[in-house]
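Read off the chains here:
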Amino acid sequence: MKIALVGNQNSGKSTLFNQLTGMNQKIGNWPGVTLEQKTGIIIGTQHEIIDLPGIYSLSSYSLEEKISKDFLLKNKIDLIINVVDVTSIERGLYLTTQLMDLDIKVIVALNMVDRLKQHGMTLNTQKLRNMLETDICMISALKGNGIKELINLISNSHIHKFNKIKIFPRNVEEIIFNLENRLNQTKNKRFYAVEMLINNKTNLKFITNKIENLYKMDITEVIITFRYEFINKICKECITKTNTKTNITLILDKLFLNKYLAIPIFVVIMFLMYFLSIGIVGNLTNEFSKNIFDNINSYTINLLINLGVSDWIVSLICDGIIIGVGSILSFLPQIIMLFTCISILETTGYMSRITFVLDKIFIKLGLSGKVLIPLIIGTGCSVPAIMSTKIMEKEYDRKVSSIITPFIPCSAKLPIIALFTSYFYHDNYAVIATSFYFIAILIIIIISLIIKKISNQKITSTYITELPEYRFPNLKLTFKNVYDRVKEFIKKAGTVIFLSSIITWFLLSFSTKFEYCTNIEKSILAFIGQKLSWFFYPIVGVNSWQVAVSAIQGLIAKEQVVSSLEIISGLSNDAKNISEIFSNGSPFAFFDKASSYAFITFNLFSLPCFAALATLKKELNNTKIFMIMIIFQTLIAWAFSSSIFNILKFFTR
Amino acid sequence: MKLSELKVNQSARILKVDILDSNLKIHILEMGMTKGTTIKILNIAPLGDPISIAIRGYELAIRKEDANHILVEVIS
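These protein sequence lines are chains E and S, in that order.
According to our numbering, the stretch in the first sequence is residues 1 to 653, in order.
According to our numbering, the stretch in the second sequence is residues 654 to 729, in order.
Just chain S, with the same shape it has in the complex (with noise of 0.2 angstroms):
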């Protein structure tokens, strides 16, 4: 499943940030998107772009378009 298809609340575990761009792809996974980690969605904005995740008790908005290329599966 993609990280973009999640719903608000729902929760899930990284499986692969899978983007072209070499220096996005870097920037994504430093910020914390490592395979295995746990993520929750908490707001999607409110013209439905951006998400906002919960990751490594931190907050991260990312755009729908970028979360388009990180695989998750879903926990809860």
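Extracted from the complex, chain E is given alone in its bound form (with noise of 0.2 angstroms):
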């Protein structure tokens, strides 16, 4: 069987799909956008699992709407799986009852029963599975409650037969009816018939008249109000309200919504959450990682030296191989910490809250403050943040923020601040690191505001969103969330990260002429960056190839700078030793603290990552918008890091 899990966002649909197929998911792409598509196996069955989008309804408002109706209608679905919040009832069975108008067997999985005392509300499930006419069950996908009653009734699907409820008054179906023999369709006539009418089009007009003229109200709003009729009619019967408890998300919105509070409360969470990722955690683990593969660097060369192993292997293993991966690995701690953060953020329900407080700043952007949760995401990683754009319901929007989100740090490029800041701002190093954030902002308001000049066109953003209540972060959620963040970063530092440190140490210990050499002066490498230094002089006042070659391997991937830096320097003297990479003899002495702010700044704000770009130009999905934003970010890059440079230079002088 084919199923597709459908529901709002927010009801807890992912967690099912986690529980209903365990370790058992393929993640790739909906076709021909950046969106997420999940599909996996029903744990203990055959039948497959489709993840669609959150999702209220399927009228194509916003881009996931349109994505999952097209899937719904284009593809041979054999069962639904709606997952419906209970606290939120009546806005899910909005969704519930379109979904019925389709031709497909429909279960009604219920969530979050566990909150229903909460809220003060008992439910009759018998009344609503008749109202209903399916199958329901009652979950709680975070608890693990009822999963095994779902995978029976999955299995059992077959057997039951299944009904088209009439929800309308009998006027209305009969429009609908009349419709529907008028339609070409062969399947899911009731639901193209029903969406026609929401759509309201002008041909229809001799058949809507009478009811409009009836019920005082145009087409759409009949359908849409008799819908929403039909559910109140079925809550009513199948909940009772008790007395509710105090509710928690009415009392931390007083905080966290409060008119003097809010702004500075947004501003201490997300320092706090650098200040201990790239501060505390990076100040407690640096050291100590350093040390663990210096040591694990000189056991290799001591063990590959007694077994006679020729010099070159011992530098490619040493030299190459153990020093690039190993700069990389050694941040681990600081990017667990920040995905931790981010996850907690998104899964708390303070996210969308960021986004309400800070809202009518982007209305002057011409965006909607919904931006915030790709910037915020991209301090993890860009790629998906430019795919997390999907949930603007505007295209401008989604470009957009498609194309400032990597302009924020993303994590990769923390190892960089977290060198060049750690050795020269030691006493104000967390306040250092914290700084490129905010530039990162200004840079982003500005080029919104060119966009915005330039785009030239009336911008109408809107922002209509829910606010979830608060959760507790679910400590499940939040590892499984790090866990696949992370299990990315690792399985880059041993793909990308391990063959472009055998590049760049290749290129490095090989003349132009292919021979083995130990002068790293005469490397291929060193020929090619003596081409493009010339660029990089304003950044940091010395014409050196080796940071020509080191922030170019930065497009591989952003880490590799530092991977490329400590390659460099470990091949031009004896030094094997990470914090003696700025110490006399290497060749990156010159530095100090004006040079590597500035060149901090650079690497931050020029090309982001090969995978980003990639992602990017899917979803611009416009070469020549792409090409253009490729030149302009370079030079912005390059305009803003010289002037860092020559401004911090006359002041420290």
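In case anyone wonders, no lab produced these hints; they're calculated from the structure.
Fair warning: there could be bad hints in the mix.
[Unchecked claim] Calculated pairs, DSSO-like style, for lysine-lysine (alpha carbon to alpha carbon, straight line, at most 27 angstroms):
no. : chain 1 : residue 1 : chain 2 : residue 2
1   : S       : Lys688    : E       : Lys205
2   : E       : Lys487    : S       : Lys717
3   : E       : Lys364    : E       : Lys38
4   : S       : Lys688    : E       : Lys364
5   : S       : Lys660    : E       : Lys205
6   : S       : Lys693    : E       : Lys254
7   : E       : Lys364    : S       : Lys660
8   : E       : Lys233    : S       : Lys717
9   : E       : Lys161    : S       : Lys688
10  : S       : Lys688    : E       : Lys480
11  : S       : Lys669    : E       : Lys236
12  : S       : Lys655    : E       : Lys649
13  : S       : Lys688    : E       : Lys259
14  : E       : Lys531    : S       : Lys655
15  : E       : Lys66     : E       : Lys394
16  : E       : Lys210    : S       : Lys693
17  : E       : Lys364    : S       : Lys717
18  : E       : Lys216    : S       : Lys655
19  : E       : Lys394    : S       : Lys655
20  : S       : Lys660    : E       : Lys201
Please assemble the complex out of the two chains, which come individually in their own frames, going by the hints.
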């Protein structure tokens, strides 16, 4: 069987998907768009289940709604599992009744039943089952309750018959029936007919006129209002409200949305997040992890020399691979901390409050407050961040936010920040490191304003969004989120960085005549770097081919900048110790406060890595805009970092 | 009265969603703002816009510009 999992945003759909499939998941893309599509096999069965994006209706207001609708209409789906958050059942059932207009059997999974009591509600499931005329299962996806029963229902679903329920008044149902008979489609006729009525096309006026006059509403309003009337009737029959306990969300909102405190709280939370990841965790673990890799390195050298392995292999393994990959893996603790913080912001419900608090600022930039979500996710990685722009309804918002997202320093750029600031700004390490995020915000504002000016169209961004209830961060869910991202990071270190380190070592250890040489000044990479070093002269104040090749390698992956710096300094002198990268004798000894700050700035705001560029190109779907953006971004980074260098140089003289 | 003119904690009943952009109108109606629905203003963002309302058992945020086109009658 092929099963579609459909439900509102925040309905716990993804949690249920994880419960149903366990580790048996495949992550791909929806055709034509950069939106994650998860498929899996339900535990203990052969049934394939597809996790559709979180949606409120099938009316294609947002891209996610359109993708979901097209998927349900154009594929052969045997069954829909509709997740409904029982605490906001009215809105959830709107989608349910829409799904029931399709020619696909629907099983309703009522989620978060454990929270009913807290909301002072009791639910008569038998009555609900009778009124919806379909199978219902009470579950708590988070706690794993009711999952077995749900799988049983799924496996036996072919036995049960399902009826199309007529939810509208008879005169409206007659119109729908009439329309159905005029349609060419053979399947999902009722859905198409209702959709035509909602869209209120003028060529239907001769049919709808009478009804519109009778109810004093246009046909769009008639359809949506009567759908909700039916839901009201269900809720009246099946739900009894007892006294409600004080709602935690209301209390927390008094604080987090407070007129005077909201913005300071936001700034403090963001600051804490980076301070914790880069500052505290960084300081605690930097020395420790560096020592580990230094030890591994010297141990390997001894071992290989004792084994009588030739010099160049020792150099390849130790100077190339271990230093290259190790310098990245040593930042793992910071990256785990950062992804944990982002995941907590997302799952607690605070992320949508941030968009609510700051939306007004974005009106001025012609954008929606939801732009903040990709920006915050982008501090982790640009690729999922660009993908998350799908939550915005307007194409303009999606495009602009995918353009500005790569300017936010991602976790791969974090090693660059950490490496330089911890050495040159030892006392104000965390403050200086955090300052880069504020520069990023400044650049983003400037770029948004420029795009708004040149795009020259009347922008009508909107902001209509659900503010979900606050939830306590769920340990299991957070762990899964962080695990997925960290796995990606390690995979990258083991593949891309591994290969790049070997190539870097090769280009540094062989001369232009392809002879092995230990003087890297004569290496192929030095030759290439010398041709390009002029570009970096205004940023670091020195003509250094080493700086040029390191910065350019950032295109492969931003972590590679640090790897390359380490490999070059390691091969240049006997310093095998990472902390000696800026000491006398190293080609990077010329770095000082001004040039290190400027060099970080350039790396943060120049082109993102290839993976992010590929996602961006797909997202923009316009080669011309993409190319302009690439050139534009490099120029901005260059102009910005060289001005910073010269200004700082002037003041520190 | 307009939805945008209500104060925090005021309750009202929706009379009409009077929005020209048909896609936006459908979206707002589908989020539950049909005629006769009771709503209550929960929060106004610190910068004065957007506002959030309790509707059909959940909290919905909407900009004042859109709330300007939603007509309501005050209950309390």
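These are the hints, each one checked on the structure:
Distance hint between Lys688/S and Lys205/E is fulfilled; the C-alpha atoms sit about 22 angstroms from each other, no more than 27 angstroms. Distance hint between Lys487/E and Lys717/S is unfulfilled; the C-alpha atoms sit about 43 angstroms from each other, more than 27 angstroms. The suggested pairing of Lys364/E with Lys38/E is violated, with an alpha-carbon distance near 36 angstroms, which exceeds 27 angstroms. Between Lys688/S and Lys364/E the alpha-carbon distance is near 32 angstroms, which puts this suggested pair outside the 27 angstroms criterion.
A C-alpha spacing of about 39 angstroms is found between Lys660/S and Lys205/E, which places the hinted pair above 27 angstroms, so the restraint is violated. Proximity of Lys693/S to Lys254/E is assessed by CA-CA distance (about 16 angstroms); at most 27 angstroms being required, the pair is judged to hold. Between Lys364/E and Lys660/S, the direct Cα distance comes to roughly 24 angstroms. Compliance with the 27 angstroms bound is thereby established for this hinted pair. Note on Lys233/E and Lys717/S: the hinted pairing is violated, with a Cα-Cα distance of about 31 angstroms set against a maximum of 27 angstroms.
With a C-alpha separation of about 35 angstroms, the suggested pair Lys161/E and Lys688/S falls outside the 27 angstroms cut-off, and the hint is violated. Note on Lys688/S and Lys480/E: the hinted pairing is violated, with a Cα-Cα distance of about 43 angstroms set against a maximum of 27 angstroms. With a C-alpha separation of about 23 angstroms, the suggested pair Lys669/S and Lys236/E falls inside the 27 angstroms cut-off, and the hint holds. Proximity of Lys655/S to Lys649/E is assessed by CA-CA distance (about 57 angstroms); at most 27 angstroms being required, the pair is judged violated.
Note on Lys688/S and Lys259/E: the hinted pairing is violated, with a Cα-Cα distance of about 31 angstroms set against a maximum of 27 angstroms. The suggested pairing of Lys531/E with Lys655/S is violated, with an alpha-carbon distance near 66 angstroms, which exceeds 27 angstroms. Proposed proximity of Lys66/E and Lys394/E is supported: the alpha carbons are some 13 angstroms apart, at most 27 angstroms. Proximity of Lys210/E to Lys693/S is assessed by CA-CA distance (about 34 angstroms); at most 27 angstroms being required, the pair is judged violated.
Restraint check: the Cα-Cα separation between Lys364/E and Lys717/S comes to about 14 angstroms, which is no more than 27 angstroms; the hinted pair holds. The suggested pairing of Lys216/E with Lys655/S holds, with an alpha-carbon distance near 20 angstroms, which does not exceed 27 angstroms. For the proposed pair Lys394/E and Lys655/S, the alpha carbon gap of about 25 angstroms is at most 27 angstroms, so the pair holds. As the CA atoms of Lys660/S and Lys201/E are separated by approximately 37 angstroms, the hinted pair breaks the 27 angstroms bound.
Violated hints, in rising order: 2, 3, 4, 5, 8, 9, 10, 12, 13, 14, 16 and 20; the structure is consistent with all others.
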